[in-house]
Amino acid sequence: MKILALDSSGLVASAAIIDNGLTIAEYSVNYKKTHSQTLLPMLDEIKKMTELDLSTLDAVAIAAGPGSFTGLRIGSATAKGLALALNIPIIPVPTLDALAYNLYGSDKLICPLMDARRNQVYTGLYEFKDSKLCILEKQCAADIAEISEKINALNRETIFLGDGSTVYAEKLNDLIKVKFTFAPASCNRQRAACVGALGEELFKNGISQTAAEHAPEYLRLSQAERERLG
Amino acid sequence: METNNDVLILAIESSCDETAAAVVRNGREVLSNIIFSQIDLHTIYGGVVPEIASRKHIEKINQVIQEALDKAEVTLDDITAIAVTYGPGLVGALLVGVSVAKAISFATGKPLVGVHHIEGHISANFIENKDLEPPFVCLVVSGGHTHLVVVKDYGEYEILGYTRDDAAGEAFDKVARAIGLGYPGGPKIDKLSKEGNADAISFPRAKVDSSEYDFSFSGLKSAVLNYLNSCEMKNIKVNTADVAASFQKAVIDVLVEHSIAAVKQYGFTKFAIAGGVASNSALRSAFEQECKKRRIEFFHPSPILCTDNAAMIGTAGYYEYIKGTRSGYDLNAIPNLKLGER
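Respectively, the protein sequence lines represent chains A and B.
With our numbering as the guide, the letters of the first sequence map in order to residues 268 to 497.
With our numbering as the guide, the letters of the second sequence map in order to residues 3 to 344.
One chain only, chain B, in its complex shape:
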């Protein structure tokens, strides 16, 4: 089945609360994509507990890797290189994947490629869109990240804007908690918003002075909390669906406005979204409409490739591998690794 020219990447991802491994052929063909989600363990704490996440990663990592190899019907002998997320993320969680990946690389003699987690999210778009090639603008939105990025070439990025405070997904989690929806907030707000009026409450669309592409969501979060407090003081019953929908719209409006402005300014014809929040149905349809209106080609990964997974790391790892990127046995986890830095 494999020819000698095939590049098979075994990819490992453990940056937050998913233990994941995948085998990817030639960058865009996913032979296996195994994800063990720990979300149930963290739900009772209302968020990811780093030490618990790290402990679970080490319990599950080998099983997930073995499943990825088995499902792809390959052995380590068939693998060309090992790719692993080394940042950004939770340091203890990252270290599990990094340490296992380095040991496998050492024991097999296969090259090791450290991959940036956000680069993985962006690269998830290459998997299902076989024709997508850089350059394009990509908005990465997740629980930990909000980045507006120009993908100049494979592995080459220019960050146009990022959040100055909370990530978009973090704001979803915090607002969800405030209106009693619980963790994780994103999917719950998405669902409840469908029953609410997005224009019912006017929440602020925050701008960051001096930087047109940066984001800020903590003010919006505070505005929602203030609204809830004032309702309580005045003894007004809160319509949580309206709050959810109005909040969500406020987030989406800013994301869409910044993104479309960037695509226009740089004169690109392609735009992609990535990251956990890219699964949000209202976000998707807002971008679909806006892009259609302006004849911009719109790309987005399936939900399974939006969440943290290793297939996206395999794809990013492939492009780094063919560029000649190699990591040493001293590769360390870097919790605040910047995109485009090594």
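The following block holds chain A by itself, in its conformation from the complex:
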């Protein structure tokens, strides 16, 4: 089973090909160029380097949100175009679940944090049990103090990762009362290989969408809607 995986939910643009439990290629860039200009050229590079025949793909896995609204749409629109043309399904992978998947097998509490501005983060709480990713707190938009309280209440050693852990490092130092660490450079940001590997699991459990059905999960209304609803 061959999966093309994409993540452009945050500052990282990442593309990967996962083939039966192996990462054939992965290309990640964490640099301030717009994903719109980088994502498809990266994919093209992967295709050339690995002599990829696109017609052999079984599905497109996408970091389906939350994240930067525009970033999510660039990824989702790309996935939708690929899936439409190749007539294959889309596997929507929750962004924070995929981010947590970086720390596969850890016995610590895993807390991915994405900066959502306005003193908020997109976050969730995870652990690995019997080599399965278990969700303790489903991905959500939360105040940094809120998620800190939940971590303190669980009273377990925690690993933070994601761009939010850099932005709010100082705040975490103040707020977190349990022992904690930050994940290292090799596994502290979004990676399409994680989206693909977790996507493969989800797909085997029957989770997929048609290309037409798929849309990002923003977890937030637009500003105009928020203001209208007061």
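Be a bit skeptical, because a hint or two may be false.
Claimed, not checked - Derived pair list, reagent style DSS-like, types lysine-lysine, alpha-carbon separation capped at 25 Å:
hint, chain 1, residue 1, chain 2, residue 2
1, A, Lys438, A, Lys405
2, A, Lys314, B, Lys132
3, A, Lys300, B, Lys340
4, A, Lys269, A, Lys300
5, A, Lys269, A, Lys375
6, A, Lys315, B, Lys132
7, A, Lys375, A, Lys438
8, A, Lys269, B, Lys112
9, A, Lys375, A, Lys315
10, B, Lys132, B, Lys266
Please keep in mind that the hints were generated in silico from the structure rather than gathered at the bench.
Chain B: place on chain A using the hints.
Here is chain B on its own, set in the frame of chain A:
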């Protein structure tokens, strides 16, 4: 049905609040033209909300593309190239169409052609007027644009004038809001004007110093607002139909004057209008009369091709395609893309 020489363009347009796709054969034959209008979603906000527009585009885009292919009775295999609007427009909205188009191009190996939205509007005239060929003068008037352009050749433009502030359609929207007609203003003012006296109120016809072909509509809009305020202060009941008709006439007079002057100066015999405001019935009849008087051939698209649509992008894309224009996988949305630039 198709011969090997046919060029079939799959066109995608998502620059504002219409999600659209079309299949166009050999530049001028529209096999399908599917438009999903989001206008109802934006009406409660009194205008297009970019984030809501972008969200709706991504929900609808595949369905619209599939419908366009099905209605044209073709598959992606039959398509020669993919054309997509990459500017000007709302960046988040544009990015949906651009990203999908690039992915389809990548997955099918078909060439990608980025198209300028205004070039699309101008090209809408080629669809129903099979004999129309450049050169001609074209006035593009819509909610976002007011451009007076010489179409020198396919894909070759010289901009004579543009608005220094509000687009003509934007002025319609703002005045419509002020007299309580709501959004979108263009069709509502057009309709109400028919019941009003266009000479009832004297609104200014703005000139832009130093540039005879440029437009300015913000002064006119302010004049209307001032008139409404002064009526309110003096406790005079406003005849909204007269306001609508007089305002509309003030806009049309300037558009007609500039356009006809340009056609005369450049010695062309053909003149076309394009864009959403080109559907305005008073604008059309004013140009019909003026052009007839001066023996200028007058062209205008049907209303469905005046509004944002993908058929016009397919036509513009066709002429760019046969000229050899190709876009790379790094094609980006450019919200303020200038006509004639790449």
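Hint check:
| no. | hint | verdict |
| --- | --- | --- |
| 1 | Lys438/A / Lys405/A | 22 Å, holds |
| 2 | Lys314/A / Lys132/B | 42 Å, violated |
| 3 | Lys300/A / Lys340/B | 22 Å, holds |
| 4 | Lys269/A / Lys300/A | 29 Å, violated |
| 5 | Lys269/A / Lys375/A | 31 Å, violated |
| 6 | Lys315/A / Lys132/B | 43 Å, violated |
| 7 | Lys375/A / Lys438/A | 20 Å, holds |
| 8 | Lys269/A / Lys112/B | 23 Å, holds |
| 9 | Lys375/A / Lys315/A | 39 Å, violated |
| 10 | Lys132/B / Lys266/B | 24 Å, holds |
The structure fails hints 2, 4, 5, 6 and 9 (numbered hints given earlier, in ascending order).
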